[in-house]
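Dock chain B against the given chain A, drawing on the hints supplied.
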Amino acid sequence: MKKSHIFIILVIAMAIAIVISTGNDASTYVSFNDAYQMASNGNTSQIHVVGELKKDALGNVVGIYEGADKVSFTFIMIDEQQKEQIVQYNEPMPADFTKSEKVVVIGSYQGDNFIADKILLKCPSKYQEETVTV
Amino acid sequence: MTGLLIGIRHMHYFIGNLGHFLVILSFVTSLAAFFSYFKATGKEDIQEKEAWLLNGKISFYLHALAVLGISVTLFVIIANHYFEYHYAYSYSDKKLPTHYLISTFWNGQEGSFLLWMFWQAVLGIILIHTNKFWQAPVMTIFSLVQAFLASMILGIVLPIIDFKLGSSPFILLRESMADAPIFKMNPEFIPEDGNGLNPLLQNYWMVIHPPTLFLGFATTLIPFSFCMAGLWLKKYRDWVRPALPWALFSGAVLGLGILMGGYWAYETLNFGGYWNWDPVENAVYVPWLVLVASIHTMITYKNSETALKASIILVISTFVLILYSTFLTRSGILGDASVHSFTDLGMSGQLLMYLLVFLIGAVILSALRWKEIPTSEKEASVYSREFWIFLGATTLCLMGFQVLVPTSIPVWNKFVTLFGGSSNMAPPADQVGFYSKFQLWFAIAIGLLSAVGQFFWWKKIDKHELKKELQLPVLIALLLSVIIITIGQVTKPAYLLLIIAGVFTIVGNSKILLSVVKNNPALSGGAVAHIGMGMMLIGILFSSGYSKVVSINNTGLLYSRDAGEEFNRDNLLLFLHEPRTMAGYDIEYISQKLELRNGNGFINKYDVQLTPDENKVIALKNGNGYKAKDTLSVYGENTYYEIEFRKDGNTYKLYPRAQVNPDMGGILSSPDIHRTLTADFYTYTSSIMKPDEEKEWSEMQELRTVSNKEFFANDYVSTVTQVTRVEEVPGTILTKDDVAVKATIQVKGAREEYTAEPYFLIRDKMVGRISAEIPQLGILFTLVNIHPETNEFTVGINTRQKDWVVIKSLEKPMINVLWIGTLVLMAGFTIAMLRRYREFKLMKEKGQE
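Protein chains in written order, with the numbering used here: chain A, 1 to 134; chain B, 1 to 849.
The following block holds chain A by itself, in its conformation from the complex (with noise of 0.2 Å):
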């Protein structure tokens, strides 16, 4: 075997190292049922959560309440079967958190409540009237 052989073979082989090393680090997204499922089953790993913030008939978020200081809020998410459960972020608001129309809450359950590390939004468009007020 011609030395250049065995170079495209370890070039290869590390590639697919690579691959597979990601799927192993990679998080899922998941319901909040599975999500608790995993939990409780001793799986102390970081999922991510798909769903939207609960509204009220008139569309406004209702179900945030901010801790003292601002440093700290929960909000109610409702994940993409439709189960509502109470989030906590150990952090403040992030900006746009209400007008998005998606959340995306990568974190894992302690206990009964789901602690989220990071929180993801969608918004329509950044920055970005959907209607004009006069």
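Check each hint, because a few of them may be wrong.
Which chain B residues stay away from chain A? Per the calculated CB distances, all over 10 Å, these [to be verified]:
hint: 1; residue: D162
hint: 2; residue: F415
hint: 3; residue: V490
hint: 4; residue: E637
Pairs of lysine to aspartate or glutamate residues, derived as DMTMM-like cross-links and limited to a Cα-Cα distance of at most 20 Å, are as follows [said to hold, decoys possible]:
hint: 5; chain 1: B; residue 1: K748; chain 2: B; residue 2: E773
hint: 6; chain 1: A; residue 1: K3; chain 2: B; residue 2: D462
hint: 7; chain 1: B; residue 1: K748; chain 2: B; residue 2: D764
hint: 8; chain 1: B; residue 1: K548; chain 2: A; residue 2: E91
hint: 9; chain 1: B; residue 1: K709; chain 2: B; residue 2: E757
hint: 10; chain 1: B; residue 1: K548; chain 2: B; residue 2: D586
hint: 11; chain 1: B; residue 1: K518; chain 2: B; residue 2: E469
hint: 12; chain 1: B; residue 1: K548; chain 2: B; residue 2: D430
hint: 13; chain 1: A; residue 1: K118; chain 2: A; residue 2: E101
hint: 14; chain 1: B; residue 1: K629; chain 2: B; residue 2: D613
hint: 15; chain 1: B; residue 1: K437; chain 2: A; residue 2: D25
hint: 16; chain 1: A; residue 1: K3; chain 2: B; residue 2: E305
hint: 17; chain 1: A; residue 1: K118; chain 2: A; residue 2: D56
hint: 18; chain 1: A; residue 1: K83; chain 2: A; residue 2: E52
hint: 19; chain 1: A; residue 1: K118; chain 2: B; residue 2: E565
hint: 20; chain 1: A; residue 1: K118; chain 2: B; residue 2: D278
hint: 21; chain 1: A; residue 1: K118; chain 2: A; residue 2: E66
hint: 22; chain 1: B; residue 1: K802; chain 2: B; residue 2: E773
hint: 23; chain 1: B; residue 1: K94; chain 2: B; residue 2: E614
hint: 24; chain 1: A; residue 1: K118; chain 2: B; residue 2: E642
hint: 25; chain 1: A; residue 1: K99; chain 2: B; residue 2: E642
hint: 26; chain 1: A; residue 1: K118; chain 2: B; residue 2: D570
hint: 27; chain 1: B; residue 1: K616; chain 2: B; residue 2: D193
hint: 28; chain 1: B; residue 1: K802; chain 2: B; residue 2: E644
hint: 29; chain 1: B; residue 1: K621; chain 2: B; residue 2: E757
hint: 30; chain 1: B; residue 1: K841; chain 2: B; residue 2: D238
hint: 31; chain 1: B; residue 1: K621; chain 2: B; residue 2: E752
hint: 32; chain 1: A; residue 1: K54; chain 2: A; residue 2: D112
hint: 33; chain 1: B; residue 1: K548; chain 2: B; residue 2: D570
hint: 34; chain 1: B; residue 1: K164; chain 2: B; residue 2: D179
hint: 35; chain 1: A; residue 1: K102; chain 2: A; residue 2: D117
hint: 36; chain 1: A; residue 1: K102; chain 2: B; residue 2: D278
hint: 37; chain 1: B; residue 1: K414; chain 2: A; residue 2: E80
hint: 38; chain 1: A; residue 1: K118; chain 2: B; residue 2: E792
hint: 39; chain 1: B; residue 1: K621; chain 2: B; residue 2: E753
hint: 40; chain 1: B; residue 1: K616; chain 2: B; residue 2: D630
Think of the hints as simulated: they come from the structure by calculation, not from any bench.
Idealized CB from N, CA, C, for every residue including glycine.
This is chain B only, laid out in the frame that chain A set:
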């Protein structure tokens, strides 16, 4: 503005129509240029070729003029505040200063496509004038890319198939918001003011970072075009020479653009660093790594005729990766994976098309020519420079691959779904930790390879000589590393290795630099660039790996039970004028400031009276360039917290910013940075007193006192200095039967003396009292009663919590090494680029290009 004025404003239709026309013109001319240059490439007959070339040139010039015209038109709309246009309304307002109106230009997706097109038009013209032989084929590719970009801003709905091609920056607001009721009532409605620019983008880096980055994007097209031209015309060897200086230029500009983005994030966002491994950042990092790898293989090829195929693959990959990153960031596919949210303009199909056309086209062309591409049959020996460079390029590619794979997870999910499967994979939850643990080892390899590789580059050496050459640099590097490791108290094995690798590269390349400079300074680019890279590795290691929180809560108090342990431990609560110690500094919260719009700096928030318009305040005192009672324009939404750092008799001031923005759901804070030679102190407000909140006053405490007798109010020494009858009371008109008395109360604060003047008023036997607040100290004085018979008076005192702010401060050691390293790297790129350009020019003058 009054209602009357609104009536006389008219819609500016002409300028938008002109814009639309120019967009279509730019699209048509780019197609014309593509066709003409394509024809010119294929013609053998000189006269016919010349004719087609002229056609192509004229078309491309027209195209460039149209692009310039679109840009000017769009800017006119923004600068004149034509809010009937969606673009101006959505991204600007009347208060924005001119330089931020420029950032408005590329805030929207359409504008950033335009910026990209603009640079490519400029580069195209430069290429037309610097190339003879290559002009036709290279400009064919260029024009095709321009046509794709122009189609992105066409905003035309194709008939029959009902497909929307692109999104125009010239649509009217009423077209973009067809459902808004106001436009049903009055289609000619023009909003009074725009929506404004995202405050985080109101930063000077946002004025220069996007143009730099897009120039970087645009320049990757040049090596790609030369490569395609070479394959097309079967000039397999010759395309490298003209492509190389541009690849180096591209490497420098793209690298600079990426770092500017990091620097902006460091200065403006408060996530605490310059790099977050967000998919959006990764999407430009990967092509840059591959571009750098391609530069290395191209240089190898120029010297030894090897690695030609590798160069072709890497040059194509770089450009395709740029297109892929465009697809990732603009198609909305990253929606669930990235903190940055992007407008999904519904163009994912069109973006995918753009990517696939060039990917498939390049792959097919290379496949057709693959057998004909010359290769060198000889095996690279371990002691050859080709071997080491190739190893380095491979490492760079794997480094990029490791980032590319997780970043593409959302694409993978989409792909699986498309074929009926289901995949719920998500990117790693802890991005920084995940990427760092891999990239660290790649960086170590790069550091070591770039030191050893350079020795092989400059000398033919064998086993024996290698030992001799490396002995001294290895010794010096180890010695220096030990010193750095001891001072920095580094213990993690991977970090130790990275330091050794970084220092080794710096030392090794310095030795080479010394010997090269003696002979020919023009050849020193490589050594300089590698020294810069070594410095960056060390700077990154310390500033990120050893970034530590210095704002440790040393009061022993819990700020808030709700906030969690981390918040209570890592933040410092500062009361106004109460010094604390932090990391060897005395720090003190001095004041809240507002920034003046006239550029004259800051004004104390307590020295002004606020008005219903948050951007206008009335001065209460004389100051620099204004007098008491002047109305001043300020940036009302921003409050700057003046924090003083004192050490060894020196004082430094920081102004971290907090923006109370109810629209955006709370407080946005931006850090300020105290820079020292060895470390940055990165400080931001993590919690502030909310200005709109009801203040909680204590119950009134009444005190009977006489003039000039000291008493305590909220722990401050206070005295009533004077009680006099007055004829005027602010805010009321006195009749001649009224009696008004004013008390003057002096309070000694830690830094200055404050005066409060409460009033006592008798009208129709009724008593009225006007209290006076000293907001800085949280005291409210009321003149409750006067007792003329004993010369005494009763003063009422309400108190509340003193003015406070909670800050978080991070120490980033050695971050300057990173920034200086960046500059050195850029200098290296520039030296190398100039050298390669001279080579190209020499050949051109000989009539070879």
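Verification of the supplied hints:
No Cβ of chain A approaches the Cβ of B/D162 within 10 Å, the least distance being about 23 Å, so the stated non-interface status holds. No beta-carbon of chain A comes within 10 Å of the beta-carbon of B/F415; the shortest separation is about 15 Å. The Cβ of B/V490 sits about 25 Å from the closest Cβ of chain A, beyond the 10 Å cut-off, so the non-interface label holds. Every beta carbon of chain A lies more than 10 Å from that of B/E637, the smallest distance being close to 13 Å; the non-interface claim holds.
Of the supplied pair hints, the one linking B/K748 and B/E773 holds, its CA atoms being roughly 14 Å apart against a limit of 20 Å. Distance check on the hinted pair: A/K3 and B/D462 sit about 19 Å apart at the alpha-carbon level, within 20 Å; holds. For the given pair, B/K748 sits about 37 Å from B/D764 by alpha-carbon distance, which is inconsistent with the 20 Å threshold. For the suggested pair B/K548 and A/E91, the alpha carbons sit about 19 Å apart, so the restraint of at most 20 Å is met.
With a C-alpha separation of about 17 Å, the suggested pair B/K709 and B/E757 falls inside the 20 Å cut-off, and the hint holds. A C-alpha spacing of about 18 Å is found between B/K548 and B/D586, which places the hinted pair at or below 20 Å, so the restraint holds. Restraint check: the Cα-Cα separation between B/K518 and B/E469 comes to about 18 Å, which is no more than 20 Å; the hinted pair holds. Between the alpha carbons of B/K548 and B/D430 the distance comes to roughly 18 Å, so the proposed pair stays at or under 20 Å and holds.
Taking the CA atoms of A/K118 and A/E101, the gap is near 17 Å; set against the 20 Å cutoff, the hint holds. Distance hint between B/K629 and B/D613 is fulfilled; the C-alpha atoms sit about 16 Å from each other, no more than 20 Å. Distance check on the hinted pair: B/K437 and A/D25 sit about 11 Å apart at the alpha-carbon level, within 20 Å; holds. Restraint check for A/K3 and B/E305: satisfied, since their Cα atoms lie roughly 19 Å apart, inside the 20 Å limit.
With a C-alpha separation of about 25 Å, the suggested pairing of A/K118 with A/D56 is violated against the 20 Å cut-off. For the hint pairing A/K83 with A/E52, the CA-to-CA distance comes to about 10 Å; that is within 20 Å, so the pair holds. The straight-line distance between the Cα atoms of A/K118 and B/E565 is roughly 17 Å, inside the 20 Å bound, and the hint therefore holds. Of the pairs offered as hints, the one joining A/K118 and B/D278 holds, with about 13 Å between alpha carbons and a cut-off of 20 Å not exceeded.
Using a Cα cut-off of 20 Å, the hinted pair A/K118 and A/E66 holds, with the two alpha carbons roughly 17 Å apart. A hinted pair counts as satisfied when its Cα atoms are at most 20 Å apart, and B/K802 with B/E773 qualifies at roughly 12 Å. At most 20 Å may separate the alpha-carbon atoms for a hinted pair to count; B/K94 and B/E614 meet this at roughly 14 Å. About 30 Å separates the Cα atoms of A/K118 and B/E642, which puts this hinted pair outside 20 Å; it is violated.
Taken as a hint, the A/K99 and B/E642 pair is broken in the structure, with Cα atoms around 32 Å apart against an allowance of 20 Å. Distance hint between A/K118 and B/D570 is fulfilled; the C-alpha atoms sit about 19 Å from each other, no more than 20 Å. Under the criterion of a C-alpha separation no larger than 20 Å, the hint pairing B/K616 with B/D193 is consistent with the structure, at around 16 Å. At roughly 18 Å between alpha-carbon atoms, B/K802 and B/E644 fall within 20 Å of each other, so this suggested pair holds.
Only pairs whose Cα atoms come within 20 Å are accepted, and B/K621 paired with B/E757 is accepted, the gap being roughly 16 Å. With a C-alpha separation of about 14 Å, the suggested pairing of B/K841 with B/D238 holds against the 20 Å cut-off. Restraint check for B/K621 and B/E752: satisfied, since their Cα atoms lie roughly 15 Å apart, inside the 20 Å limit. The suggested pairing of A/K54 with A/D112 holds, with an alpha-carbon distance near 19 Å, which does not exceed 20 Å.
Restraint check for B/K548 and B/D570: satisfied, since their Cα atoms lie roughly 10 Å apart, inside the 20 Å limit. Note on B/K164 and B/D179: the hinted pairing holds, with a Cα-Cα distance of about 19 Å set against a maximum of 20 Å. This hinted pair checks out: A/K102 and A/D117 have alpha carbons roughly 17 Å apart, not beyond 20 Å. The straight-line distance between the Cα atoms of A/K102 and B/D278 is roughly 19 Å, inside the 20 Å bound, and the hint therefore holds.
Our distance criterion of 20 Å between C-alpha atoms is met by B/K414 and A/E80, whose separation comes to about 17 Å. For the proposed pair A/K118 and B/E792, the alpha carbon gap of about 61 Å is over 20 Å, so the pair is violated. Restraint check: the Cα-Cα separation between B/K621 and B/E753 comes to about 15 Å, which is no more than 20 Å; the hinted pair holds. Of the pairs offered as hints, the one joining B/K616 and B/D630 holds, with about 10 Å between alpha carbons and a cut-off of 20 Å not exceeded.
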